[in-house]
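Chain A is already provided as a structure; the job is to place chains B and C with the ligands on it using the hints.
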Amino acid sequence: MTTHTEERYYVPHGSHWPIVGSAGLLLLMVGVSSWLNGSDAGFYIMMAGVAVIIFMITGWFAAVIGESQAGLYNLQVDHSFRQGMFWFIFSEVMFFAAFFGALFYARNMSVPWLGGSSNNFFTNLLLWQGYESTWPTNGPGDIGGEYTAMPPFGLPLINTVLLLTSSITVTIAHHSLLAGKRAQLAIFLAATFLLGFTFVYMQGVEYVEAYEHMNLKLTSGIYGSTFFMLTGFHGMHVTIGAIMLTIIFFRVLKGHFTREKHFAFEAVAWYWHFVDVVWIGLYVFVYWM
Amino acid sequence: MIRKSFLSLLACCFAGTANADWALNMPRGITDLSVETYNIHMMVFWWCVAIGIVVFGVMIVSLFRHRKSQGVKPATFSHSTTAEVIWTIIPVVILMLIAIPVAETMIKLEDSRDPDLSIVVTAYQWKWHYKYQDEGIDFYSSLARPSLEARRKESGIDPNAVDNYLREVDRPVVVPRDAKVRLLLTSNDVVHSWYVPELAIKKDTIPGIVNEAWFKAKEVGTYRGQCAELCGKDHGYMPIVVEVVEPDAFRAWVDARKEGAARVARNQ
Amino acid sequence: MSTTVADLHDHHDDHGPAKGIGRWLFSTNHKDIGTMYLVFSLVMFFVGGAMAMVIRSELAIPGLQFVHPEFYNSMTTMHALIMIFGGVMPAFVGLANWMIPLMVGAPDMALPRMNNWSFWILPVAFSILLSTLFMPGGAPAGGWTMYPPLVLQTGDAFPYLIFAIHLMGISSIMGAINVIVTIINMRAPEMTLLKMPMFVWTWLITAYLLIAVMPVLAGAVTMLLTDQFFGTSFFLAAGGGDPVMFQHIFWFFGHPEVYIMILPAFGVVSEIIPTFSRKKLFGHDSMVYAAASIAFLSFIVWAHHMFTVGMPLSGQLFFMFATMLIAVPTGVKVFNWVATMWRGAMTFETPMLFSLAFVFLFTIGGFSGLMLAAAPADIQYHDTYFVVAHFHYVLVPGSIFAIMAAVYYWLPKWTGHMYNETLGKAHFWASTIFVNLTFFPMHFLGLAGMPRRIPDYSTQFTDFNTVASIGALGFGLSQLIFVWVIVTAWKGSKATDRVWEGAHGLEWTVPSPAPYHTFETPPKARIAGEAFE
Ligand code: HEA
Ligand code: HEA
Ligand code: CUA
Ligand SMILES: [Cu+2]
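In order, the protein sequence lines correspond to chains A, B and C. What the first sequence shows, in the working numbering, is residues 1 to 289, in sequence order. What the second sequence shows, in the working numbering, is residues 290 to 557, in sequence order. What the third sequence shows, in the working numbering, is residues 558 to 1090, in sequence order.
It is worth saying that the hints were derived from the structure and are not from the lab. Hints are not guaranteed to be accurate.
As a list, the in silico DMTMM-like pairs of lysine to aspartate or glutamate whose alpha-carbon atoms are at most 25 Å apart [claimed, not checked]:
| no. | chain 1 | residue 1 | chain 2 | residue 2 |
| --- | --- | --- | --- | --- |
| 1 | B | Lys357 | C | Glu906 |
| 2 | B | Lys522 | C | Glu906 |
| 3 | B | Lys507 | B | Asp537 |
If we strip away everything but chain A, and leave its shape as in the complex, we get (with noise of 0.2 Å):
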């Protein structure tokens, strides 16, 4: 696997930026939670600190992108970016795995105990007599009241097909590179990152119509926890790769990427698949099955 030219492997050295998205952190951190406690002063803290971190994500980046430019990375530095991004990405995999497996747990252990089942008799007979475990369902104690559940087909179908199409559309944009066929990337870069924001727009509507004429809320027991946490998780991740995906459209503009070199648009479309193929586990488990 390790692949070595002559050259030397570029090492920066020094820079502010780490220090400042700690920084963007703490305030971040703090002012969420002083705004979870009620503090007002708690959001402005916040604020701040989502500034400070857009503020060095932006200009870490642009040191990044400089020096890309400046033909400072030899191969072996684009190994370690990708490396970096496939195993970012795997962790954030298992995050999604974390909540699937809530989901997965609700549904094949905690709803059924509650309903009596396995060593659980008891449990139904003397304290939730009467429930009967279904899926969906808002638990026996009926938090949040009655609501409908999200049907599989309508909306969220529609957003499959976006969302499949523009995994498709990005590809065609990485063979565009390619093959240097510019404007062709061009166009169905721009193709995939509107897609994406198709989708968040839609997934908008969505929660609006769950909110307003479903009665169904991120309170709505354990079938409405696990729907708006998976999706909401889903839909920031899909903004931020729409964002990405924008980026890189205008990196391409500028004529940033070669046919050898061009990690940072790998590594986004990387992102994008893995959104998709996140969506997929999603319209599967939480709105079809």
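Frame of chain A, contents of chains B and C with the ligands only:
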């Protein structure tokens, strides 16, 4: 130090000490399953001792004989597939020898069918509530007053002067000897755990869920335990006392309790 | 800033460290960052250790002497979080930073800026965590395991706790990614995977564990946060969730976590024992496979922490068998260390002494682990001091002793001077005696039925508690010798490049102290070849 402690541990195994000062070993308990549990504990322990003697023995020999100061030349071997296969397989075999009886006991532990007596145990921060399902008795049980007073910081009371400091309750659970008692455990707030060593029972009480445990006490007596799952500031102060009595005495106790309850109701 | 394109050209010139505080704040140098990690973890050990002293003082005799129960619970909770996330883990990341590039012949860590960030997130995380001590409602007191619903009763500290955990997770994940990429992508040409030193191997495996489980912990605490503030029902039975679900998710992280704390220790010991036995590590390849098996098995044993929660029988049986299996690969490691010493030519410098104590005492901790794995017996042991005894044996004379062994072993390479061997030995003997005095009696307390996490106890537990408290005080004080040895490490005699007679490996081919930049071009095949012999 280790060796000394080990020796004292060995000594105690033969003595079979119960709950006393400087107690070294697990109590045998007063149910068949507590004795089985104790035997499992000792069996695994002895296997560990045996393996320890071999491993540490070899190592100690090596530490004394294979020193540079003894003028030895280091050998050059650096692997031996045979040796490695052997010391992979032997532990596997030992583990199987351990696992089988252990699994048998576990199956028995889970079998709480056909009880003679069912008690619903509900945990609160920080006391217990017991409800005898068929007898129509229920009561709270919490830390007895003498301990309650002595436990406060700067109370000025010497804990050693209090009988059963922190392990006495106002109203103990009373159960008949030789009856299969099933506990149905749940909680009203956070997770607690109902733990009495002599009965070999430790079962978490979980809000919204009912867990089951059972025991059949063989010996009359008073057995003490306490909450074993962190449940907030007074976690250390929710003891459990189980009194095992002869069946007749149990009947009498039930009747007296019922009568008491009826009197209270009339007076109101 | 140095990253503007204009001044990039003189980059290839040799240069030393930057001047002033900027050297540390902006550092992208693996050695500086390693040093910061190590110093940070030392500080955290003392903070966590001070809390342990509060615990032991309160428990020295029955009755409440010094603290209120709430505060006692905060102390145990914070003690554990600080020791684990602030002490042991950063110490190993520090060692990884210092040593992995030197051991594989890399110019630095693969992603140097991110390396800086993963360090500088830690002080932020721990400032937030420690600040909770001064908040209304006190510091978190629900145990380091943070079980709901109890943890939801935490006061203002609650969101700070959650976000501190998030930050620790982010830091660990970035650190782990850096380790993986460095090892996979930055090795010297001749350094094939199976030639890698054991420390590098165990860290590689540890890093995979880290990126697999830290996000799961982040997910778990996120669910706590939303249950608390946004009305979700993950851990609420009335809503269809289950408090026990948190325990499953937590231990899915928690069990691999304990191997995260021990695998690098195995690596350290596997470096040191061959050096001082003047003999190659026995069964290098099987050590690798054993470590990998341990890592794999660690994912399927988590519910052995939950034998009392009322799992269905089949679940209990599965987790019991899987747990027992871990003894097999761990046994391979122990046997291989013994075989490495067998017919070697041993000397007993401080690092070796700590490693030997590690092998003895970790094994004792492993034995008690095996006893815990037997489910019916665990029902008796669970949440008693027997468990406390078990995990302190694997963590203190386990992980911590390995860290101390590593520090003594590599200190001359870091500073260029030999530390004071007499004091080192004194530190060793004091630590070893007191650590046993502290933790061995806890086995007896647990067997006699003393629950953990209680500030006061029934009088029959007095004697052993007093012994343990005396031991703890002695152990704590012994660590002052350690600090003294480190502080005076720059005064000793000049260290040679190889430092130890029997040492092998690339790190011993560079000068002592190691120059600020090493292996800017991959080491020459000849040197490398020799070092890998
Ligand atoms: C470094 C950390 C570390 C390590 C390495 C281990 C290693 C092991 N642990 Fe431990 N454990 C903890 C840290 C660790 N543990 C912590 C922190 C807790 C408590 C958490 C909390 O509740 O707060 C805990 C709790 C804990 C429990 C739950 C107890 C309870 O709460 O009821 C159990 C139960 O099975 C367990 C088992 C084991 C086993 C089987 C091993 C095995 O890996 C050990 C294997 C090693 C050996 C067995 C010795 C060497 C082997 C040989 C010489 C070969 C031959 C041997 C045989 C065939 C027997 N551990
Ligand atoms: C790595 C982890 C770790 C370490 C090192 C320790 C170290 C110690 N622990 Fe702790 N402990 C835990 C992890 C750890 N513990 C956990 C997970 C729990 C469970 C918490 C819970 O229930 O939620 C616990 C709980 C716990 C309890 C039970 C509390 C209760 O249940 O009520 C007790 C009681 O005696 C205790 C005591 C001690 C003592 C006396 C030490 C002493 O060893 C400490 C003495 C140390 C010092 C004074 C600092 C010196 C250290 C160094 C100098 C190392 C230097 C290294 C370098 C960086 C180079 N600990
Ligand atoms: Cu109730 Cu602990
Ligand atoms: Cu475990």
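- Task: Hint by hint, work out which the structure violates, then give me just those numbers in ascending order.
- Result: 2
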